[in-house]
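Okay, here's what each chain looks like letter by letter:
Number of protein chains: 2
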Amino acid sequence: MLRYDVTSNDWVIFSPARAMRPEEFSRHGSRMPPVVPADYRCPFCPGNENLTTPEITAIRDGGPANTPGWKVRVVPNKFPALRIEENHRRQEQGRLFRQMGGCGAHEVIIASPDHNTPPALMPIEQLTLVLRVLRDRFNDLMRDTRFQTIVIFKNYGPTAGTSLAHPHCQLIATPVTPRTVRQKLAISQQYFDQTGDCLYCTLLADELADGKRVLAQNSHFVAILPYASHVPFEIWILPRHRQSSFRWIDPSLLHPLAEILKTVLLKLHVGLGNPDFNLTINTAPRGDEDSESFMWFIEILPRLATPAGFELGSGMSINTMLPEEATNFLRSVDACKIAAAACG
Amino acid sequence: MLRYDVTSNDWVIFSPARAMRPEEFSRHGSRMPPVVPADYRCPFCPGNENLTTPEITAIRDGGPANTPGWKVRVVPNKFPALRIEENHRRQEQGRLFRQMGGCGAHEVIIASPDHNTPPALMPIEQLTLVLRVLRDRFNDLMRDTRFQTIVIFKNYGPTAGTSLAHPHCQLIATPVTPRTVRQKLAISQQYFDQTGDCLYCTLLADELADGKRVLAQNSHFVAILPYASHVPFEIWILPRHRQSSFRWIDPSLLHPLAEILKTVLLKLHVGLGNPDFNLTINTAPRGDEDSESFMWFIEILPRLATPAGFELGSGMSINTMLPEEATNFLRSVDACKIAAAACG
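As they're listed, the protein sequences go chains F and H. When we follow the numbering used here, the leftmost residue of the first sequence carries the number 1, and every step to the right adds one. When we follow the numbering used here, the leftmost residue of the second sequence carries the number 1, and every step to the right adds one.
The hints are simulated quantities; they were obtained by calculation from the structure and are not laboratory data. Backbone N, C-alpha and C define an ideal beta-carbon position, used for all residues, glycine too. There's no promise every hint is true.
Unchecked claim - A few chain H positions that, by computed beta-carbon distances, are all more than 10 Å from chain F:
1) Ile56
2) Ile124
3) Gln189
4) Asp193
5) Arg247
6) Asn328
7) Ser332
Unchecked claim - Computed footprint of chain F on chain H; a stretch qualifies when at least three of its residues, placed anywhere within it, have a C-beta under 8 Å from a C-beta of chain F:
8) 295-308
9) 311-325
Using the sequences and the hints, build the whole thing.
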């Protein structure tokens, strides 16, 4: 069976013949090194502030910058993909070769002073602080008009692209709007022009009406496993009240967002045995931040399968698990186990 | 620095600050299990033909089907992503939910009776046979008018999506044209409409004129590391005489194609210590097979880096190695070492 993703115009191949049972996915749990060598000084741990580049901002109870006492700390990435100092001039090198300066920003948000607590087990209050810092950094960086898009992302575990165990996430401000972002905007804009409705609002309403893929909800947010999920256990957290850019989220909504995020991460953590995953925030670029036809949302992509030659060559995904089955499995994840895990 | 990929309209971020030296990439050599357990019966080895589904075709010196004596053997994938028996009807499930039957084909091409020889070390004659079988299967499957695109791909090594050591590649016939294929066609079509030239021919001419990223060439094919490579050591093998679909390749060109493919794979094998990689053939879908504005070509993507949250969230790539440097490194790969590897 194939399913059509109306937000990207991709067909996704669902291949139950290749499927594992949900339980089997948990064998793929994170291979994050659990034991830290005795002589290892984690650059993100309190007391080691001198091992990072000087901090950009931090939430702390008084005390000077770059010393312990912080709850969340933001530093420039030591190996930045893009840098504020670079220019963003386009340069032609012949008919077809075009380059531009590596202008942008690349920051690391150290999400907790506690080295060993994965995000799923963090207190909701700590997650709320992290979301607040992300919102503040987003707004601050958008004052630099050279930046078009802010990409917020978390890599969790080696197969997701990090081997740093200390909880952290990152953001990159890019000097161009990525093509795929532009295409998603064009698709939702066209839907809006045709129907007068936001594509994502309609999708959310239909998912709520169908119900089979709704994992969690509170008064402000809904977590679903989308109809045309590209990977097993893909999860979206959507706001009930549409906004085009994450930068506009009302501060009072950060706590309910942290709450549903924690619920979702905990179900993945317990149900699938601490899997590697990537998390990103889909959000509108400069110029479309007040669009009526787009919605920011959080996307969580567990790294349970390896995209191979077919996916790389065709751009199509093969997903071995229907989102309805994945939802059923995550719904059934034992609340007692979750409570026990949450307590330590 | 960012570079623009004129074939996809993507900007690629080049981030030398994050770079390893070329030599360091070879630490990531394939973790393909080198030793086969004594009690393991490889389903792709001669004598074990009964462990696969019955063969579709084979090249053999006489003898009945599904017995030893073959040189290349094609069997249906045991866990197919798509199947010939399924229908391809679209079905609406509400306003936004649309699905279709999993109609298609999924075949495995067993590339050699020899279990232990990676493709880089295969004789050119054997590679030629494999390419011939791929061309024949492509043409045979396209007689089923439900199939729109044939995706040919090879996964080599665990990080590239396979742990089967026995040399093989695969093809999937899809009942829809993937969106990314459609977009590349639209981009090259627009270039043709504007200029009267094929975008890929122009790109190849410019790469040959510039010369800095040309790795190998013979009278029919050129291997380059493209200007806007998305991953380190990405390699394209392009035909000098443009055709839109691989299915039209003249049989006399299969040997020179195998020859340059072997050169390229051997340089990767020796230079980077047997890295995992994916290989695909970019080719036009049904309806565009005679297009004047598209060109089939082979794309090789070594799996030396892990795409993470930024790439998944934005669709942009971060590449830590300029293709000029990668070309220099591969050019310098010692010819004696290569000869020794080829003999041993």
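So, going through the hints one by one against the coordinates:
No beta-carbon of chain F is positioned within 10 Å of the beta-carbon of H/Ile56; the least distance is around 18 Å. No beta-carbon of chain F is positioned within 10 Å of the beta-carbon of H/Ile124; the least distance is around 22 Å. For H/Gln189, the non-interface assignment is confirmed: its Cβ lies about 16 Å from the closest Cβ of chain F, beyond the 10 Å cut-off. In this structure H/Asp193 is separated from chain F by more than 10 Å, as the shortest Cβ-Cβ distance comes to about 16 Å.
H/Arg247, annotated as away from the interface, keeps every beta carbon of chain F farther than 10 Å; the closest lies near 16 Å. Residue-level check passed: H/Asn328 sits 18 Å from the nearest beta carbon of chain F, beyond 10 Å. Here H/Ser332 stays apart from chain F, with its beta-carbon at least about 24 Å from theirs, past the 10 Å limit. Here the segment 295-308 of chain H counts 5 residues with a CB under 8 Å from a CB of chain F, which clears the bar of 3, and the coverage holds.
Only residues whose C-beta sits within less than 8 Å of a C-beta in chain F count toward coverage, and the segment 311-325 of chain H has 6 of them, enough to reach three; the restraint holds.
Of the numbered hints given earlier, the model fails none.
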